[in-house]
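Asks: For reference, the chains in residue letters:
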Amino acid sequence: MVSINYATREVTCKIVYYGPGLSGKTTNLIYVHNKVPATTRGKMISLATEADRTLYFDFLPINIGAINGFAAKFQLYTVPGQVYYNATRKLVLRGVDGLVFVADSQAEKMDENIESLTNLKENLEEYGYDINEIPIVIQYNKRDLPGVLTVEEIQAKLNPMGWKYFEAEAVGGRGVFDTLKMIIKLVLDKAKSGKSSGAAVAAHAKEPAAVVSHATSEPPVTPPPVAPVPVEMQAPPAETAPPPARQPAYRSPDEEKGQDEYPDHEDRIEHNTLSDDKAAEPVEQYVAPPEGPATPEEIEDAGDAVSRPFPGSTSSRILRRDRRITVSDFQPAGREVESPGMRSHFSRDGNLAQQNMPTPHMAPSQRIVKKKPGFFKRLFGIQ
Amino acid sequence: MNDDSLIIYEEEIEKIDSIMARMLKGAEAKCALLVDKDGHLITRQGFTHSLDTTALAALLAGSFASTKEIARLVGESEFSVLFHQGKKDHIHMSLVGDRSILAVIFDDRTTIGMVRLYAKETALELGKIFASLVARSQAGGGATLSDEFAATAGDKLDDIFQD
Chain A
45 MVSINYATRE
55 VTCKIVYYGP
65 GLSGKTTNLI
75 YVHNKVPATT
85 RGKMISLATE
95 ADRTLYFDFL
105 PINIGAINGF
115 AAKFQLYTVP
125 GQVYYNATRK
135 LVLRGVDGLV
145 FVADSQAEKM
155 DENIESLTNL
165 KENLEEYGYD
175 INEIPIVIQY
185 NKRDLPGVLT
195 VEEIQAKLNP
205 MGWKYFEAEA
215 VGGRGVFDTL
225 KMIIKLVLDK
235 AKSGKSSGAA
245 VAAHAKEPAA
255 VVSHATSEPP
265 VTPPPVAPVP
275 VEMQAPPAET
285 APPPARQPAY
295 RSPDEEKGQD
305 EYPDHEDRIE
315 HNTLSDDKAA
325 EPVEQYVAPP
335 EGPATPEEIE
345 DAGDAVSRPF
355 PGSTSSRILR
365 RDRRITVSDF
375 QPAGREVESP
385 GMRSHFSRDG
395 NLAQQNMPTP
405 HMAPSQRIVK
415 KKPGFFKRLF
425 GIQ
Chain B
5 MNDDSLIIYE
15 EEIEKIDSIM
25 ARMLKGAEAK
35 CALLVDKDGH
45 LITRQGFTHS
55 LDTTALAALL
65 AGSFASTKEI
75 ARLVGESEFS
85 VLFHQGKKDH
95 IHMSLVGDRS
105 ILAVIFDDRT
115 TIGMVRLYAK
125 ETALELGKIF
135 ASLVARSQAG
145 GGATLSDEFA
155 ATAGDKLDDI
165 FQD
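As given, the protein sequences belong to chains A and B, one line each in that order.
In this text, residue positions in the first sequence follow this note's numbering: the first is 45, and each later residue adds one.
In this text, residue positions in the second sequence follow this note's numbering: the first is 5, and each later residue adds one.
All clues given are correct.
Label-pair distances were calculated between CB atoms; the ranges are:
#, chain 1, residue 1, chain 2, residue 2, range
1, A, Asp155, B, Lys124, 49 to 55 Å
2, A, Glu94, B, Lys29, 38 to 44 Å
3, B, Ser136, A, Glu196, 50 to 56 Å
4, B, Glu125, A, Leu91, 29 to 35 Å
5, B, Ser70, A, Asp96, 17 to 23 Å
SDA-like, lysine to any residue: derived pairs with alpha carbons at most 20 Å apart:
#, chain 1, residue 1, chain 2, residue 2
6, A, Lys225, B, Asp162
7, B, Lys160, A, Val80
8, B, Lys160, A, Glu54
9, A, Lys134, B, Glu82
10, B, Lys124, B, Phe83
11, B, Lys160, A, Pro81
These are computed hints drawn from the structure, not numbers from a lab.
Note that beta-carbon positions come from the ideal geometry of N, C-alpha and C, so glycine has one too.
In isolation and in its complexed conformation, chain A is listed as follows (with noise of 0.2 Å):
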């Protein structure tokens, strides 16, 4: 389900690529991956098999940037194909927004294509969803090769529903994008048209573009007549002020964690490599910062937790030190006290005592030096 992020300031979508298995899911993904700017788009996971068959998921992340505010994130995952994968294929279904199903247009895979869509449509029953709800394009893949069905008659075997189509050479890329496109524009337009309470995300009273031709578009200032009670008339208002209002509310958090571990914008990288309006900012730059806090300054800031597992760091030997100075200042002292002989005279004479105790800024040869002389001279008489 498309995810909302008031705090981030990000909406996800999932899309799910489904279809038979060798169909080029993992292709369309792959060419994706490879054409789009660094910086639109995540690292791609493939959890496949040493035969390169997927074997869980493959997951790509494209971030398309801020938009009102918001950063538009999308996860486009794969399916495993393979009919004896279902179980882990019915799991990546979960929360999905939309659908692309991915046909091999060869005559004699047409059985597999149904066979996929009918198991499709069970999954998502057992998900609750409804498959007529779900925003799904259909992909006529490996148009290229020979032997391939004709898209009418393709389309009377797999589109009854007239989902929107098209047709595809995964490999080379033809049909990719515009099948992402169309996705993207159907799961966007869904969103919007949801149950809305009227005061959707800085709605404006603006008309809806052009190219949102398929809108359900609502009168976007009236509420609907399925009006909500007066709690959810109320509620949406006061979480969608428009995006400059919150904007300083919103970074207070990363900023707060700043603080504690590293300056905000080291600590937001990962959220922001893929985003457009951070595309001027070289992103390599970044080079992730050493794994413990290096400098005093962050060990005292850090306090006990942080320096406790640097126990050779520079400020703690500081701290002993320091406790080493002010004990030895004291003991020379007491030792000159016990020296034999002199012992019972010196202790009685208190003020004697109390002249020459030590300050502990002086090293102990020094007062040894200088307390002798005196104290002998007095013990003999000698001028």
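Chain A is already provided as a structure; the job is to place chain B on it using the hints.
Replies: Frame of chain A; chain B shown alone:
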């Protein structure tokens, strides 16, 4: 279909963040991620700068989902705690409420017992916040975007996806 869409508000996130930060400090763990079962990252705390948290979130949700199936096969409804042990770093995952996962990454500076203890407490606390959050986003009428949003996105798509 829109019934379980998730809208996350700032106030709740601040509460969640502070709870997670407290747990990290107590358990002396490296970082923690809160992930939706659908694979969306909700929030994170701690030293996450060197991690690809988006991918991590998707994979954590994936691994949780697959163990859920395993649980079903052995007659359990769901495993509520999952633990991955590595040479240096380990991951402890626990269920928060019924739709999110708290993953704590830690190393040998602390122990699994400490992490378990704190994660369990935290999961309970977060569960309560989450319940209110879900209730609130449902009361708010599900996820809705403005017309403007979809239109601007449409324009952007043409720029980005060029053969």
